[in-house]
Amino acid sequence: DQQVKQNSPSLSVQEGRISILNCDYTNSMFDYFLWYKKYPAEGPTFLISISSIKDKNEDGRFTVFLNKSAKHLSLHIVPSQPGDSAVYFCAASLANQAGTALIFGKGTTLSVSS
Amino acid sequence: DSGVTQTPKHLITATGQRVTLRCSPRSGDLSVYWYQQSLDQGLQFLIQYYNGEERAKGNILERFSAQQFPDLHSELNLSSLELGDSALYFCASSVASTHSGNTIYFGEGSWLTVV
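Chains A and B, in that order, give the protein sequences. Residue numbers for the first sequence follow our numbering, beginning at 1 and rising by one. Residue numbers for the second sequence follow our numbering, beginning at 1 and rising by one.
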C-alpha cells in the first residue's frame, strides 16, 4: 500500500512557465514533507520541505503548498528553467519519532523545454 | 557533492552470489539509511542505523543485512542474489535519528546488476 503517491509519472513545461508537481498521501500522521530532485546518475538532492503546521513554504523559485484536509501537497517552480529537468520525489515522515524513515513517492519526471 | 560516499559505483555479479556495498556518511552524521530503487519504483526504505544501532527497518529482505561500524561507516550485505535484486542502492545520512526538520543527504548510489 503506497502511502505517498505521485500520480503523474511525467510533466512537460516550457521554459519560463510554471511547473506544478503534485503529491498525495494517505497517512494522516505524516507531519513533515520534503521534495527531492534527482538527476540521472546522481543521488537525490534535497530541495524544499514543509512542516504540517504550515500551508506554504517558499524558497526562491520553489514553493511548496500543503493542504492537510485533502492530504495533498504540490511543488510550484516559477519560472521553470531547462536545468530544472529532473525526477522530483515527494517524501513524507513522522517527525519527532525516533527511527522512522522518509517514505517516498515514485517520482515525477519534469522536462522543461527551451 | 553531498558528502556521502558509496562504493562501488557499479557492480555486476551472478545469481546466488553475495556482495557488500559500503557507505561513508557525511562528517558528523550519526544516522545512515539504505534505500533501494528498482525500475519503475520509487525509493524503497530498507534500514536505518543510528550511532551503531539499528533504528528502523523497512522492506528489507532476510537475505539482506546491514551494520554500522564504530567509525560510523555502514555496509549493506546482499546474499543469495536474484535477478530481481538488480537495482540502484542508495545510502543516505543525517545528523539525528529523527526527521523533525532534519534533512537526509544521499550518496550517488551503487548500481547492482545481477546476471
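Keep in mind that the hints were calculated from the coordinates and are not lab data. Accuracy of the hints is not assured; some may be wrong.
Listed next, the in silico DSBU-like pairs over lysine-lysine satisfying Cα-Cα at most 30 Å (straight line) [as the list claims (entries may be wrong)]:
no. : chain 1 : residue 1 : chain 2 : residue 2
1   : A       : K71       : B       : K9
2   : A       : K106      : A       : K68
3   : A       : K68       : B       : K9
4   : A       : K56       : B       : K9
5   : A       : K5        : A       : K68
6   : B       : K9        : A       : K54
7   : B       : K57       : A       : K5
Footprint (simulated), chain A over chain B, 3 or more residues, beta carbon under 8 Å [to be verified]:
no. : region
8   : 77-85
9   : 105-115
Going by beta-carbon spacing under 8 Å, a handful of chain B positions derived as facing chain A [stated by the list, open to error]:
no. : residue
10  : Y33
11  : A56
12  : N59
The model shown is predicted, which means the values in this text are computed figures rather than measured ones. Backbone N, C-alpha and C fix where the C-beta goes; we use that ideal spot for every residue, glycine too.
Now the hints, each set against the structure:
With a C-alpha separation of about 37 Å, the suggested pair A/K71 and B/K9 falls outside the 30 Å cut-off, and the hint is violated. In summary, the hint linking A/K106 to A/K68 is supported, as the alpha carbons are separated by about 21 Å, within the 30 Å threshold. Distance check on the hinted pair: A/K68 and B/K9 sit about 39 Å apart at the alpha-carbon level, beyond 30 Å; violated. Straight-line distance between C-alpha atoms of A/K56 and B/K9 comes to about 37 Å, which puts the hinted pair past the 30 Å bound.
The suggested pairing of A/K5 with A/K68 holds, with an alpha-carbon distance near 15 Å, which does not exceed 30 Å. Distance hint between B/K9 and A/K54 is unfulfilled; the C-alpha atoms sit about 39 Å from each other, more than 30 Å. Between B/K57 and A/K5, the direct Cα distance comes to roughly 21 Å. Compliance with the 30 Å bound is thereby established for this hinted pair. Restraint check on the region 77-85 of chain B versus chain A: 0 residues with Cβ-Cβ distances below 8 Å, three needed, restraint violated.
Coverage of the region 105-115 of chain B by chain A holds [criterion: at least 3 residues with CB-CB distance below 8 Å; count 5]. Taken as an interface hint, B/Y33 checks out: its beta carbon lies about 6 Å from the nearest beta carbon of chain A, inside 8 Å. Nearest Cβ of chain A to the Cβ of B/A56: about 4 Å, under the 8 Å cut. The hint holds. Taking 8 Å as the C-beta cut-off, the interface hint given for B/N59 is violated, the closest approach to chain A being about 10 Å.
Going through the hint list in order, the structure does not satisfy hints 1, 3, 4, 6, 8, 12.
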